[in-house]
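Work out the full structure, taking the sequences as your base and the hints as a guide.
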Amino acid sequence: MHLQQHGYVYKGNAMVQCPWPGCTKQLQYMSVPRHIRSAHLGVRYRCKRCGTMLTRREGLTRHMKTCAQVKLGCGEMYS
585 MHLQQHGYVY KGNAMVQCPW PGCTKQLQYM SVPRHIRSAH LGVRYRCKRC GTMLTRREGL
645 TRHMKTCAQV KLGCGEMYS
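In this note's numbering, the protein residues as written are 585 to 663.
A few of these clues could be false.
[What the hints assert, rightly or not] What follows is a list of derived Cβ distance ranges for each label pair:
#1 P605 with R633: 32 to 40 Å
#2 C651 with S615: 19 to 27 Å
#3 M648 with P617: 17 to 25 Å
#4 T650 with G606: 32 to 40 Å
#5 C634 with Y613: 28 to 36 Å
#6 N597 with T639: 16 to 24 Å
#7 T608 with M648: 31 to 39 Å
#8 C631 with N597: 25 to 33 Å
#9 N597 with S622: 17 to 25 Å
#10 A652 with P603: 38 to 46 Å
#11 S622 with M648: 12 to 20 Å
Everything labelled a hint here was simulated from the structure, so no lab data went into it.
Just so it is clear, the structure is predicted and the values come from calculations on it, not from any experiment.
Note that beta-carbon positions come from the ideal geometry of N, C-alpha and C, so glycine has one too.
Structure representation (structure tokens):
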């Protein structure tokens with residue numbers, strides 16, 4: 585997101601309102617792009633092992649370290 589091109593020149597931790605039309609969410613300026621991707625654009629990351637949907641790539645990475653579900657060729661799952 586190029587929020588600075590649209591007049592948003594806040595520092596990283598400054599609290600701002602989401603610039604998305606109709607959204608009244610208050611969040612840190614540095615979190616705005618992530619919020620827009622997950623809340624407004626619906627970006628989700630799916631675990632290939634168990635199918636769990638997560639909103640952040642780093643959440644998926646963390647989840648994959650502990651996910652014990654492995655798909656078998658027949659469609660069954662085991663831990």
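Here is how each hint holds up against the structure:
For the pair P605 and R633, the supplied restraint of 32 to 40 Å holds, since their beta-carbon distance comes to about 37 Å. Under the hint 19 to 27 Å, the C-beta atoms of C651 and S615, about 26 Å apart, fit the expected range. A beta carbon spacing of about 23 Å between M648 and P617 agrees with the range 17 to 25 Å that was offered as a hint. At about 37 Å, the CB distance of T650 to G606 agrees with the hint of 32 to 40 Å.
For C634 and Y613, the Cβ-Cβ distance of about 34 Å falls inside the hinted range of 28 to 36 Å, so the restraint holds. A beta carbon spacing of about 21 Å between N597 and T639 agrees with the range 16 to 24 Å that was offered as a hint. Between T608 and M648 the beta carbon distance is about 34 Å. The supplied range of 31 to 39 Å therefore holds. Range check, C631 to N597: Cβ separation about 31 Å, and the 25 to 33 Å hint holds.
The hint said 17 to 25 Å for the Cβ distance between N597 and S622, and at roughly 20 Å that hint holds. About 40 Å separates the C-beta atoms of A652 and P603, a value consistent with the hinted range of 38 to 46 Å. Distance hint check for S622 and M648: the Cβ-Cβ separation is about 18 Å, which falls inside the suggested range of 12 to 20 Å.
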